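Peer 1: Residue strings, one per chain:
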Amino acid sequence: MTSVVPELLIEEQRPPAAVHPARRRRLTFARVCLHVVLATTALVWLLPLLWAVYTSLRPYAETARKGYVSWPDGLTLQNYSDAFTQGELPRFFFNTLIIVVPALLVTLLLSSMAAFVLSRFAFRFNLLILLILTAGNLLPPQVIITPLFQIFRLVALPTFMNSDGTLLNSYWGVFIVHVAFQVGFCTFVLSNYMKMIPHELTDAALVDGASVWRQYFSIILPLCRPPLAALATLQFTWMYNDFFWALVLMVSGEKRPITSALDNLRGTFFTDNNLIAAASVLIALPTIAVYVFLQKHFVRGLTVGATKG
Amino acid sequence: MEQPTASFPGLDRRSLLKGMGLLGAAAAIPGLAACADTGTATPESKKSAGKASGTVRFGLNANAAVPTAGYDSVFAAFEQKTGIKVRTNKLLYTEQINNYLTAAPDDVLIWNAGYRMRFFAEKQLVSDVTSVWDQVGSNISEAVKQACTAKDGKQYLVPFYNYPWVTYYRKSVFEKRGYAVPKTLDELTTLASQMKRDGLTPIAFADKEGWEAMGTFDILNMRVNGYDFHIQLLDGKESWDDDRVKSTFDTWRRLLPIHQPQALGRTWQEAAQALGQEKAGMYFMGSFAVDQFDDATKEDLDFFPFPEIDSEHGQDAIDAPIDGFMMVKRPDNAAASQSLLEYLASAEAAELYLKTDTNDVATAQNVDTSNYTVLQKKYADVIGSSKNVAQYLDRDTRPDFAAPVVLPAIQDFLKGNGADIDGITRSLQSQAKSIFAS
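Protein sequences, first through last, are from chains L and H.
The first sequence begins at 38 in the working numbering and counts up one residue at a time.
The second sequence begins at 3 in the working numbering and counts up one residue at a time.
Please note that a few of the clues may not be correct.
[Unchecked claim] Below, computed lysine-lysine pairings styled on DSBU-like, alpha-carbon distance capped at 30 Å:
1) L:103 / H:357
2) H:173 / L:103
3) H:173 / H:185
4) L:103 / H:198
5) H:435 / H:210
6) H:185 / H:380
7) H:417 / L:103
8) H:281 / L:103
9) H:125 / H:331
10) L:103 / H:300
11) H:248 / H:185
12) H:380 / H:178
13) H:198 / H:300
14) H:417 / H:239
15) L:103 / H:178
16) L:103 / H:210
17) H:380 / L:103
18) H:417 / H:198
Think of the hints as simulated: they come from the structure by calculation, not from any bench.
The model shown is predicted, which means the values in this text are computed figures rather than measured ones.
All chains, full assembly: derive it from the sequences and hints.
Peer 2: Structure follows, in structure tokens:
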């Protein structure tokens, strides 16, 4: 069987080319159209990114003189080194890690627990609870920013957790917001996946005397590795890309994660757009890398649990 | 003047704004700021020391090269002098000033004079700095003092520098084509038609973010109706559907053909580019515009104050916004903040800073101008010789009127190429009436 499949494919591709020239031309015309459309779409999508890269390689004085739509006199990496030194990017990358890595782990832990209970045990309100968790996802987070800002301002933290003594302007605040807003989606995805795992597995474990915790930790969780990997990829990208929360909830420039820190590179009036383009490209690299190398997980993250098993 | 969005976060930072925008500008201001004046003590312990020492936290309002380097040198000198360390918070808070002042992570911060300051003084988000003024006031002009004084008669801002709004041109172009600096409106329009014949756009013009054209309104209104009327109007004491305001807009309408068209789609940086590329002959903008040019072009730049329109007022007024420093309501280190503010008001601090920021001129009167650049000297002359100095539209009127009401009205005016002046002024007046009544 395994040897037949490739041959069949080859057979199907070759004969039309040789035997039916007319059919081939028709196909080619359709294909040309298809490829033109695809190439155009790809270009439209890539253009802003490529333009940012191009801009980032040109000195500001040159683009100010000739305009952004012009041929370069010479390309330079100066903007990138400026972004690193003047923009202090390494520090802000580190801030992002401080927020995103714990938030990711806690989100997955909490949502897998919730999903386990909601999908593996039948009780009166579990559908309702799942609905509430999912509905929370539909709420635009920006709506609650004003009350959240005030609450965070009034919640005291010990100074070893935040030198300002409040939840506002602390890594904890942004961490909590991320966890709260992502748990709903992850629970939804994980519970759909867990529903597909045969009940016989946990039933057998129950007969052998496994506690609920044991069933969760030793049976279900290891089986959920694929959706967990997918969600981790997706969630990392989302949390990493977040611009809004830290912008509002952090008022010390040095604490901000990389995305919001970019905002501070603007001047009150004068903004060196080429420098910002360079910093943006650097900031986009990790997400692009995650996407390229973990593409499979990425797609699965969006579709896992979409079909009912 | 700058980012018009100070107290109106909805304008420019789209992402943030999505959130704040939903609340509406008017709601956002009391929304975040109101809670601060309930007197609820923040958990931070605010202690005041007797002898100034320790660290002052300073809100720098950018992480960009230009202000940062200057302040670094000022703070280094201050530390050497007093032993007090200054820790900077490089955060662009212009568009989130409500959040920033409510959370108050710093002791002292950079801010603007006029209503921009008054608004927060009335919200009691900042402390009065009259004790600093007692020490340094004799070195500051009365006009500047007025701009730093709130309704209660106390000063809430320590001024540092100001910068004029003037018409830039390139010396080489004027020389090559034999242009002369216009002194009156007639000379300006004659020059403009000559420029058009020579294939130049007479005046580069932008209003994409909405605050840029406020400068043009200011200067036209001050030239046509005089400084006093302008200030009364912005203070809500004159009517916007007055014939005098209409005549300002009408003058502007007649001048629109010599401005770069489609201004709403152009940033001020792009408009400056037109002057840099010698596609435009003149550019009316704040002096920060100079940053946009490369060194060779900077050498070639010169400027003149906007020409006279009505001989009764001549060229006796100018927009020259003042920037300075405020102190938050409960600074962590009040004594050190006080000595930092006193130092910042000194000529020494201004001289150090202005070496790196050559678009501004000091407000301290005993400053040594020998290190000023050619343009800086001329800025100081132009501001000094103006009988009246305004702050800019969005600093001379309430923030909840400037950005939410005047800004879109001017954009509508430009969109319609000056049509419907009556409708625009009527709508301005009806909104002004309700806002200034509140």
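Peer 1: When you check the alpha-carbon spacing of residue 281 (chain H) and residue 103 (chain L), does it fall within 30 Å?
Peer 2: holds, 11 Å
Peer 1: Check whether the Cα positions of residue 103 (chain L) and residue 300 (chain H) lie no farther apart than 30 Å.
Peer 2: Between residue 103 (chain L) and residue 300 (chain H) the Cα gap is close to 16 Å, so the pair holds against 30 Å.
Peer 1: Holds or violated: residue 435 (chain H) with residue 210 (chain H), Cα cutoff 30 Å?
Peer 2: holds, 27 Å
Peer 1: Check the hint pairing residue 198 (chain H) with residue 300 (chain H) against an upper bound of 30 Å on the C-alpha distance.
Peer 2: OK: residue 198 (chain H) and residue 300 (chain H) at ~24 Å, within 30 Å.
Peer 1: What's the verdict on residue 417 (chain H) and residue 103 (chain L), does the C-alpha distance respect the 30 Å limit or exceed it?
Peer 2: The hint holds at about 28 Å.
Peer 1: Please verify whether residue 173 (chain H) and residue 185 (chain H) have alpha carbons no more than 30 Å apart.
Peer 2: This hinted pair holds, its Cα atoms lying about 16 Å apart.
Peer 1: Next pair to validate is residue 185 (chain H) with residue 380 (chain H); report whether the Cα-Cα distance is within 30 Å.
Peer 2: holds, 17 Å
Peer 1: Given the hint that residue 248 (chain H) pairs with residue 185 (chain H), does the C-alpha gap stay at or below 30 Å?
Peer 2: holds, 23 Å
Peer 1: For residue 417 (chain H) and residue 198 (chain H), compute the direct alpha-carbon distance and say whether it is at most 30 Å.
Peer 2: holds, 22 Å
Peer 1: Hint check: residue 125 (chain H) vs residue 331 (chain H), CA-CA at most 30 Å. Holds or violated?
Peer 2: holds, 10 Å
Peer 1: Is the hinted pair residue 417 (chain H) and residue 239 (chain H) satisfied, with a Cα-Cα distance of at most 30 Å?
Peer 2: Holds, at roughly 28 Å.
Peer 1: Mind checking the alpha carbons of residue 103 (chain L) and residue 357 (chain H) for me, to see if they're no more than 30 Å apart?
Peer 2: holds, 28 Å
Checked against the numbered hints given earlier, this structure breaks none of them.
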